[in-house]
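Keeping their order, the protein sequence lines are chains A and B. Residues 1 to 199 in my numbering are what the first sequence spells out, letter by letter. Residues 200 to 788 in my numbering are what the second sequence spells out, letter by letter.
None of these hints come from the bench; they were simulated from the model. It is possible that part of the hints are untrue.
Unchecked claim - Covered, in the sense of this in silico footprint (three residues per stretch, anywhere, with C-beta under 8 angstroms from a C-beta of chain A), are these stretches of chain B:
hint, region
1, 219-231
2, 473-479
3, 614-628
4, 650-662
Said to hold, decoys possible - To give a feel for the contact side, a few chain A residues facing chain B, derived at Cβ under 8 angstroms:
hint, residue
5, R6
6, F41
7, G55
8, K86
Stated by the list, open to error - Once the Cα atoms are required to be at most 27 angstroms apart in a straight line, the calculated DSS-like pairs of lysine-lysine come out as:
hint, chain 1, residue 1, chain 2, residue 2
9, B, K641, A, K36
10, B, K739, B, K690
11, B, K690, A, K32
12, B, K690, B, K633
13, B, K258, B, K322
14, B, K583, A, K32
15, A, K47, B, K583
16, B, K587, A, K36
17, A, K27, B, K587
18, A, K27, B, K583
19, B, K322, B, K297
20, A, K32, B, K587
C-beta atoms are modelled at their ideal positions from N, C-alpha and C, and glycine is treated no differently.
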Amino acid sequence: MSDEVRLLGLVAAIFLVGAILHWVYLKSIEEKLRAKAGGDFDMRSLKNALQVRQGSNFNTVMLASWSLFFVALASLYFLTPTVFPKYNYFRLAQVASDWWGFAGFGILIIIIVLFAASAIPSFSLPWTYRFYVIPRSAKRVLTPAIPMLLIISIASSLYLGTIYPRLDSFSWNVGYAALLLAQLLLILPVLVGFVEEIR
Amino acid sequence: MRPCVVGIGGAGGNVLKKFLQSQDVDLVVYKFGVHQAFGDVKGIWLDSASQDADSSKQKFYGCLTDGKYPGYLISHDIIDANSPTRGYVKDLYGFDLKAQGYDRRAEYLKGIFEIFDFDTNLKNLASKEFGGEMNPIPNYIWKRGIRPFTLLNKGLINGDRNINGNSSGNSNGCINGSINETAKKENSQNSPTLGQNLINAIGSLTDQTMNNRAPSGTKTNLCDSILFIASLGGGTGTGFINPITSYVRSEELAFPIFAIGILTESGTESREATEGQRDLGAVIALSDLLTRRAGTGIDGLIIVDNQILVNKHKKNWPAMDEEIYNAMKPMLDSRDYPGGAEGQSDTPAMRRVFWEADKTNGTPGEENTILLPPFMVPCYHSRKSSGKSVETLVESALSMDGRLFPCDPRKADRAYVFASGFFDALSVDEAVQKRTGLPDEKVKVYRKIGDGRHEEVLILLRDPYGGTPGAHETANTFEWRMHGIVSEAVKYIEENQTNIIESLGFRDLTKEHLRSYFYGEDGLRSELQKCLTRLERGEKPVFTRQLKIFGDGMEAPVDDATPKSRGGVQMTEAEIREMVREEIKLHSR
Numbered sequence: 001m002s003d004e005v006r007l008l009g010l011v012a013a014i015f016l017v018g019a020i021l022h023w024v025y026l027k028s029i030e031e032k033l034r035a036k037a038g039g040d041f042d043m044r045s046l047k048n049a050l051q052v053r054q055g056s057n058f059n060t061v062m063l064a065s066w067s068l069f070f071v072a073l074a075s076l077y078f079l080t081p082t083v084f085p086k087y088n089y090f091r092l093a094q095v096a097s098d099w100w101g102f103a104g105f106g107i108l109i110i111i112i113v114l115f116a117a118s119a120i121p122s123f124s125l126p127w128t129y130r131f132y133v134i135p136r137s138a139k140r141v142l143t144p145a146i147p148m149l150l151i152i153s154i155a156s157s158l159y160l161g162t163i164y165p166r167l168d169s170f171s172w173n174v175g176y177a178a179l180l181l182a183q184l185l186l187i188l189p190v191l192v193g194f195v196e197e198i199r
Numbered sequence: 200m201r202p203c204v205v206g207i208g209g210a211g212g213n214v215l216k217k218f219l220q221s222q223d224v225d226l227v228v229y230k231f232g233v234h235q236a237f238g239d240v241k242g243i244w245l246d247s248a249s250q251d252a253d254s255s256k257q258k259f260y261g262c263l264t265d266g267k268y269p270g271y272l273i274s275h276d277i278i279d280a281n282s283p284t285r286g287y288v289k290d291l292y293g294f295d296l297k298a299q300g301y302d303r304r305a306e307y308l309k310g311i312f313e314i315f316d317f318d319t320n321l322k323n324l325a326s327k328e329f330g331g332e333m334n335p336i337p338n339y340i341w342k343r344g345i346r347p348f349t350l351l352n353k354g355l356i357n358g359d360r361n362i363n364g365n366s367s368g369n370s371n372g373c374i375n376g377s378i379n380e381t382a383k384k385e386n387s388q389n390s391p392t393l394g395q396n397l398i399n400a401i402g403s404l405t406d407q408t409m410n411n412r413a414p415s416g417t418k419t420n421l422c423d424s425i426l427f428i429a430s431l432g433g434g435t436g437t438g439f440i441n442p443i444t445s446y447v448r449s450e451e452l453a454f455p456i457f458a459i460g461i462l463t464e465s466g467t468e469s470r471e472a473t474e475g476q477r478d479l480g481a482v483i484a485l486s487d488l489l490t491r492r493a494g495t496g497i498d499g500l501i502i503v504d505n506q507i508l509v510n511k512h513k514k515n516w517p518a519m520d521e522e523i524y525n526a527m528k529p530m531l532d533s534r535d536y537p538g539g540a541e542g543q544s545d546t547p548a549m550r551r552v553f554w555e556a557d558k559t560n561g562t563p564g565e566e567n568t569i570l571l572p573p574f575m576v577p578c579y580h581s582r583k584s585s586g587k588s589v590e591t592l593v594e595s596a597l598s599m600d601g602r603l604f605p606c607d608p609r610k611a612d613r614a615y616v617f618a619s620g621f622f623d624a625l626s627v628d629e630a631v632q633k634r635t636g637l638p639d640e641k642v643k644v645y646r647k648i649g650d651g652r653h654e655e656v657l658i659l660l661r662d663p664y665g666g667t668p669g670a671h672e673t674a675n676t677f678e679w680r681m682h683g684i685v686s687e688a689v690k691y692i693e694e695n696q697t698n699i700i701e702s703l704g705f706r707d708l709t710k711e712h713l714r715s716y717f718y719g720e721d722g723l724r725s726e727l728q729k730c731l732t733r734l735e736r737g738e739k740p741v742f743t744r745q746l747k748i749f750g751d752g753m754e755a756p757v758d759d760a761t762p763k764s765r766g767g768v769q770m771t772e773a774e775i776r777e778m779v780r781e782e783i784k785l786h787s788r
């Protein structure tokens, strides 16, 4: 197994940890409330009670960021045959080498992500922010930082796609580092909420 | 509780800014969807001085009639410079309906609003000029300014109002005109392009799908109550708060309406209004607000003493405004405990609880006890989530440092507790009972989940005074502070007859009515002296009788052609509305 695949495992592991922390966060609140408020509610009403509006600007940027994240991830791993020789965009050589080839790839990923997010809102990460009180100061940091990191990652992948079959490990590493950092920032509200909850 | 917060006058506008500060991030390049304030509250700033609202003086509010949000509304914009109604009022009474900022005296605005209830000719004139509306200024404020943000607007104009912060309209000032005309202009001037529509739709869709539930459990962004904020002792807020709340109440008998009154600090302030003059304004406003029977005025006055905030924050005005806002946050927090057992989101139920009474409440009336709106003294404390006992939190809130108005918590006849954090209702209840001496059934606890970082408690003490003769001599009691204000007001009335009556421009008719209102046998001076006696004896309530400058048995100036009253009971417009409603109900059964 190559290092790149192991690093993909790290991305998946962070997702998993984020999902677990979110679940623990909800369970912890549920337990506290059952102890204080009695057991006269179910998880659905708890989720309803916890919801807080974050604002349209923040929501729009975060949804766009999650879409960009998957575009960045797919571009890094599935644009060129470097990591997965059998499963990559370059197997559709004619489409990939057209003038709109890279853009088409990105748009396709965005459509898939948005469709998946809308189809299973309870399980998709962009929707989880509504359960956390995110201070405006944190929003001010997250909203510009995440898209910028993802654009760096996507730009690195596009560069790798452009120079292929030449390889450039530095660009790949930059793309991955930016992607990982963006992912950590994307789940930061969950991490902070969890820490505050168990404190 | 999700109120439409209405800041009246300069101070009201400044405090409202804190309530409306955006919880969303500012993207600089574009704003998607709606402005997001804490607790999903909406708001509007009402002022009478367009120069104060000018964009060169403040950047937070835009002109509401231009479709801007957060927005301000200039109350007299509905009155045209050459309005016949304005001319009539000027000629007969000496009041100017378009005076910028009106006047620092509460009686000026009180007089202006009362003549619209009192003068038949004026009503007819206004009705002719304003399409059937006999009291155009409060009507304009209500229908153009406040109602569109409330649930009451459903199905009336266009449903939920467009409060897109990005709408671009005429930025050179407000557009005058009727509601429909303004709405038409707004539609034609602010028609968004296809691209803008698409971007807004994305913002709205994202907002709706990522928050698929309105906090109150309803699928609407509209407000379920109204919360007025005004300084008591200033100019516009003091004069406006009673006429506006009364007008709104006359339109909507059961809608929850609360008010926050901020009593100005002692001493002469920046605009050279003396303490006596400001205290007189405050007393007039308090008396008018708190002597309206249940269902005819506000449902409770949350009273704040600016002097306490001045001492604490050394005249750092934004910090003082922030403290008032922070204190109200537990009440506005939309994260109620699940299950809804405490009825946190049911504001009408909360309103009923605020009016709960027993034999000890109210004013003795002819047959039954007359219920009058209560004073609510807010006591607040916040700390970082620590897992410490709720007792210490409650103790801090009820301590001298936590009270926003001087009082003795043991004198309260009810306590409404808004606790934010993870608390056992019984522990909160017991902690409050222990420190107030109230029995279990007189303490009502509403719990909120909060933000996870802080634990907060807001305790509204209802009418925390009375029962102890001579309490007005003890510093930091409610009676002491109220006695001081009323005494100053009486002193001002006695020493400033010329300033009060002989004001430049007042016509003889107005002077006669003012003289009677202030110095008549049953006038304000005499009534305030009775208030002082009640405070000294430890009696409740402080204010019992509503006084009018115009009305109360006086005859309106009438044309010969107009049939004179035959000595029947003179009714206000609000009372007429209520009577008509009752009649309609009776016939529809």
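Against the structure, the hints:
Residues of the region 219-231 of chain B lying with their CB closer than 8 angstroms to a CB of chain A number 8, which satisfies the three-residue condition for coverage. Under the rule that three or more residues need a Cβ within less than 8 angstroms of chain A, the assignment of the region 473-479 of chain B is violated, with 0 such residues. Restraint check on the region 614-628 of chain B versus chain A: 4 residues with Cβ-Cβ distances below 8 angstroms, three needed, restraint holds. Proximity of the region 650-662 of chain B to chain A, defined as three or more residues with a beta carbon under 8 angstroms from a beta carbon of that chain, is established by the 3 residues found.
The beta carbon of R6(A) comes no nearer than 33 angstroms to any beta carbon in chain B, farther than 8 angstroms, and the hint placing it at the interface is violated. Hint on F41(A) holds. Least Cβ distance to chain B is approximately 4 angstroms, under the 8 angstroms limit. For G55(A), the suggested interface contact is upheld, since its CB lies about 2 angstroms from the closest CB of chain B, less than 8 angstroms. Interface hint at K86(A): violated, since its Cβ lies 36 angstroms from the closest Cβ of chain B, which is beyond the 8 angstroms cut-off.
Between K641(B) and K36(A) the alpha-carbon distance is near 21 angstroms, which keeps this suggested pair within the 27 angstroms criterion. In summary, the hint linking K739(B) to K690(B) is supported, as the alpha carbons are separated by about 23 angstroms, within the 27 angstroms threshold. Our distance criterion of 27 angstroms between C-alpha atoms is broken by K690(B) and K32(A), whose separation comes to about 57 angstroms. At roughly 40 angstroms between alpha-carbon atoms, K690(B) and K633(B) are farther apart than 27 angstroms, so this suggested pair is violated.
The suggested pairing of K258(B) with K322(B) is violated, with an alpha-carbon distance near 37 angstroms, which exceeds 27 angstroms. Straight-line distance between C-alpha atoms of K583(B) and K32(A) comes to about 17 angstroms, which keeps the hinted pair within the 27 angstroms bound. Among the hinted pairs, K47(A) with K583(B) is consistent with the structure: their alpha-carbon atoms are about 24 angstroms apart, no more than 27 angstroms. At roughly 14 angstroms between alpha-carbon atoms, K587(B) and K36(A) fall within 27 angstroms of each other, so this suggested pair holds.
For a cut-off of 27 angstroms, the pair hint linking K27(A) to K587(B) stands: about 22 angstroms separates their Cα positions. Restraint check for K27(A) and K583(B): satisfied, since their Cα atoms lie roughly 22 angstroms apart, inside the 27 angstroms limit. A hinted pair counts as satisfied when its Cα atoms are at most 27 angstroms apart, and K322(B) with K297(B) qualifies at roughly 18 angstroms. A distance of roughly 15 angstroms separates the Cα atoms of K32(A) and K587(B); the hinted pair therefore holds under the 27 angstroms criterion.
Of the hints listed earlier, those the structure fails to meet are numbers 2, 5, 8, 11, 12, 13, in rising order.
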